[in-house]
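Input sequences plus hints: build the corresponding full structure.
Residue numbers (our numbering), protein chains in the order written: chain B, 18 to 113; chain E, 11 to 796.
Treat the hints with caution; some may be incorrect.
To be verified - Here are some chain B residues pointing at chain E (derived, C-beta under 8 Å):
#1 ILE31
#2 ALA33
#3 VAL36
#4 ILE105
#5 ARG106
Claimed, not checked - Taking CB as the label site, the calculated pair distances span:
#6 E:ASP744 to B:VAL38: 51 to 61 Å
#7 E:THR766 to B:GLU50: 30 to 40 Å
#8 B:ALA80 to E:LEU762: 42 to 52 Å
#9 B:SER109 to E:GLY785: 19 to 29 Å
Said to hold, decoys possible - Listing some non-contacts, in silico: residues in chain B with all C-beta distances to chain E over 12 Å:
#10 ALA21
#11 LEU28
#12 ARG66
Hints listed in this document are in silico derivations from the structure and should not be mistaken for laboratory results. Positions of the beta carbon are idealized from the N, C-alpha and C atoms, including for glycine.
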Amino acid sequence: MNAALFLSAILFVIGAAGVVVRRNAIILFMCVELMLNAANLAFVALSPRAGIDGQVIVFFVIAVAAAEAAVGLAIIISVFRHAESVDIRNFSLLRW
Amino acid sequence: MVLILALQEAAHAAPEAHAAFEPTLPGLIVLLPLIGFIINGIAALVAARAATRLRALTHGHAAHEAHGHASHDHAHAVATHTHVEEAHDAHTHDSHAVAAHQHDASEQGHDAHDHDAHPAGHAEEPVPTGWTHTLPSLVAPGVMALAFIIALLNFFGMAGAELHEPVVRSYWSWLPVGDLQVDAALQLDQLSMLMTLIITGVGLLIHLFSVGYMSHDPGYPRYMAYLNLFVFFMLVLVLGASFPLMFVGWEGVGLCSYLLIGFWFREKANADAGKKAFIVNRIGDFGFLVAMMMMFVHFGSLNYVEVFERAPELAFGGAVVTAICLFLFVGAAGKSAQLPLYVWLPDAMAGPTPVSALIHAATMVTAGVYLVVRSSTLFAMAPTASLVVAIVGAATALFAATIGLKQWDIKKVLAYSTVSQLGFMFAAVGMGAYVAGVFHLMTHAFFKACLFLGSGAVIHAMHHALHATHSHADAQDMRNMGGLRRYLPVTFITMGIATLAIAGVPPFAGFFSKDEIIGAAWIGSAGELPLSQGSLLGVSGATWMGIIAVMLSIAALMTAFYMGRLMLYTFFGPNRTGDEERRHLHEVGWTMTVPLIVLAVLSVLGGFLNIDSHIPVVSAFTPLAIGGELALHGWLHPIIEGAEHVWESNVTGVGEVHHAAWPIILAILIGLAGLALAWVILKPETLGPPERTPAYKGGLEKALYNKWYVDELYHTIVVRPVYFLSRAFYSVVDRGTIDALIDGVVGRGSMLLGMTAGRVQTGQVNTYAFVIIVGVIVVLGAFVAL
Chain B
18 MNAALFLSAI LFVIGAAGVV VRRNAIILFM CVELMLNAAN LAFVALSPRA GIDGQVIVFF
78 VIAVAAAEAA VGLAIIISVF RHAESVDIRN FSLLRW
Chain E
11 MVLILALQEA AHAAPEAHAA FEPTLPGLIV LLPLIGFIIN GIAALVAARA ATRLRALTHG
71 HAAHEAHGHA SHDHAHAVAT HTHVEEAHDA HTHDSHAVAA HQHDASEQGH DAHDHDAHPA
131 GHAEEPVPTG WTHTLPSLVA PGVMALAFII ALLNFFGMAG AELHEPVVRS YWSWLPVGDL
191 QVDAALQLDQ LSMLMTLIIT GVGLLIHLFS VGYMSHDPGY PRYMAYLNLF VFFMLVLVLG
251 ASFPLMFVGW EGVGLCSYLL IGFWFREKAN ADAGKKAFIV NRIGDFGFLV AMMMMFVHFG
311 SLNYVEVFER APELAFGGAV VTAICLFLFV GAAGKSAQLP LYVWLPDAMA GPTPVSALIH
371 AATMVTAGVY LVVRSSTLFA MAPTASLVVA IVGAATALFA ATIGLKQWDI KKVLAYSTVS
431 QLGFMFAAVG MGAYVAGVFH LMTHAFFKAC LFLGSGAVIH AMHHALHATH SHADAQDMRN
491 MGGLRRYLPV TFITMGIATL AIAGVPPFAG FFSKDEIIGA AWIGSAGELP LSQGSLLGVS
551 GATWMGIIAV MLSIAALMTA FYMGRLMLYT FFGPNRTGDE ERRHLHEVGW TMTVPLIVLA
611 VLSVLGGFLN IDSHIPVVSA FTPLAIGGEL ALHGWLHPII EGAEHVWESN VTGVGEVHHA
671 AWPIILAILI GLAGLALAWV ILKPETLGPP ERTPAYKGGL EKALYNKWYV DELYHTIVVR
731 PVYFLSRAFY SVVDRGTIDA LIDGVVGRGS MLLGMTAGRV QTGQVNTYAF VIIVGVIVVL
791 GAFVAL
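What follows is the structure, encoded as structure tokens:
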């Protein structure tokens, strides 16, 4: 169980670091997914101790993540159509 | 006429009837003018819309036509210019321009700008026709006639009932604020009844006159709406049952006065005159407000009945009651144009002439006198304050009369005459001769309204004549008149009667009322009035009253003289209007002559309302007395009973009143001497048009012509310091301190803060994510650590 939690932590940190460091929107998106799955893994790993609730939440997270992936990818595609790039450094138009 | 018959009938009916007085529809008297205002106001709004549309149409035309006669103000100068060239040859045009130039130079631009612009000044403007201009002719005098009839009904009822206590009709609770309870209530008693009759009666005549005088003005419905609104507020002023309600009317008539003085507001001088009246009145209103607050503190109420009931509880002649009375008098001096607040009234002549007759001669300006008589119980308690009132009144009477001697504008003479006559009234009420003051108020309303309307008729005729030939001569300058009695016979006779009345020639109205005032001053100087016992600045009241008697006598002499001068220059001698113009001079229409005739009749008969058979000479007229001897004295007695009670319990050792014959004979001689002097000294034959007659000759004449330079004095000691102060406040306090603080500290500070904080927002998602993560770690860390 500790090993699973440890893996979850490593995955989460990799994901967070990716979000902060990387510029490509798709990579960013993948990193977010990685963080979600790290959280899922933590829920599952803790369920023997904390009960079945964690496993239920995992299903919800997967469902939400699927919806989010659909919306997020759609946005990225439409952005790419518009700007021919998915580099997020180019998208700071709403800044003051 | 109706009024006098009514009084006569009432006096006969009085002894036998004792029924309780039940007022008939008193609220409707007040409400009717308001209804008139609403109807005329709607007509005015509709007419204004129509005029705007019409102007937009004709404006396009005027741009094409160089002639531009039908266009409005902007094209006016051009239009008249072309006309002059068309009508006369080049030579006349040149001399005309030169003459106008000299005219300005000789008059130092003083009164060149403050003239009654009626009606030629705006005749270029299209006059809308249709219901908006016919309905007010019906509505405005109509509501006045109805109000007058209801007032008469109430008057008969009151006269038949021998009323001693005022009848108060309360409609709803208006100001229920803590201890202050003020109802919207009307008070009917002998004083408010008399004032209501004067307002609705004289008001009706002036409304009728206005139909003839103003119906060709583009703003006619607006004019009638304002006039009706004025009557409404004036009735609230006199009929209100408490000081706050009187104040509502007081402010309301001030507003209407402002609106009507500046009626032809396109000319800046007229708008300025309205503003001046409003601002000067504000000073007086401040006094009124302070007096009201003091009364509330000391009496716990502001209703007349309660205030006058509790007034005798204060110390007789004490500081409190003296202060209340002096503050009340500040208010009265503002509204009634007494020294030093009189300056607005002469300028108020910028309004249409019927307005001058109604507001600035017969009704509104007498509100101050009404206030003092209404508060007679308080003024009786304060002999010192009363003496101040009397002395200021007498000084005003004399001061204004001197200025009236040397004015060329026919309305300016009458304006200063009004200030002077108001001074007489204040002298009377200040000496405790309250009935004499009201008596003069009434007769003055008759003869001064007649004089003003007469001058209006003269100006109307002059304007018509000058307009017919496109002359630019001044229709109000007496130097342009002369010999008008041949062209305006009705106006001449009626104004002549009113002149004899104001000069104090028996048996005209002014003789009885004015001589009652001067007589009271002589009696007071013998120590025979209760207020003779008062003292001011260490000088006894009796001495002061002797001085007042002399001042008033001199003022009366001057009154007779300047009125004689006005009549001589206007109606006698050769005509100076111009050969071309003379053919267009003719008498005005019936709507204007009928009010003149009625007022002239009242100026003859008004004096017989109050004949005291104890006074020698006057007693000769006793058989002619209307409504019995002392009709007005008897009628108003319940009003001044409070004051008499105060004197009975506080003043002792007042001598028996002795009426001597000599003051009356002196007064008659003064009146006749003034007229005779004018006739002998002044030679209208030697007078020429303004460009050939200098406005003044020597130093004294110059000072008189320039109104003793009071306007200039006020400009220096009041207006300019105020300007200076406001500029200082503007640059130092507003710009230098407040703006600097806001702009410099607050504005720049937040801008700097924004610029700094703005750097955090990079627009890069990574940065935000990083900040969020750091934030989460910090928060979690804090949780763990704790």
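Against the structure, the hints come out as follows:
Given the 8 Å rule on beta carbons, the hint for ILE31 of chain B is violated: about 13 Å separates it from the nearest Cβ of chain E. At a threshold of 8 Å, the smallest CB-CB gap from ALA33 of chain B to chain E is about 5 Å, leaving the interface hint in force. Of the supplied interface hints, the one on VAL36 of chain B holds, with its beta-carbon coming within about 5 Å of a beta-carbon of chain E, less than 8 Å. Hint status for ILE105 of chain B relative to chain E: holds, with the closest Cβ pair at about 5 Å, below 8 Å.
A cut of 8 Å between beta carbons decides the hint on ARG106 of chain B: the least distance to chain E is about 6 Å, and the hint holds. The hinted window of 51 to 61 Å between ASP744 of chain E and VAL38 of chain B holds, with their beta carbons roughly 56 Å apart. Between THR766 of chain E and GLU50 of chain B the beta carbons are some 36 Å apart, a value that agrees with the proposed interval 30 to 40 Å. Between ALA80 of chain B and LEU762 of chain E the beta carbons are some 48 Å apart, a value that agrees with the proposed interval 42 to 52 Å.
Distance hint check: the CB atoms of SER109 of chain B and GLY785 of chain E are about 21 Å apart, consistent with the given range 19 to 29 Å. Separation of ALA21 of chain B from chain E is adequate, the least Cβ-Cβ distance of about 20 Å exceeding the 12 Å criterion. Its beta-carbon lying about 15 Å from the closest one in chain E, LEU28 of chain B satisfies the requirement of being farther than 12 Å from that chain. Non-interface call for ARG66 of chain B relative to chain E: holds, since the shortest CB-CB distance, roughly 19 Å, exceeds 12 Å.
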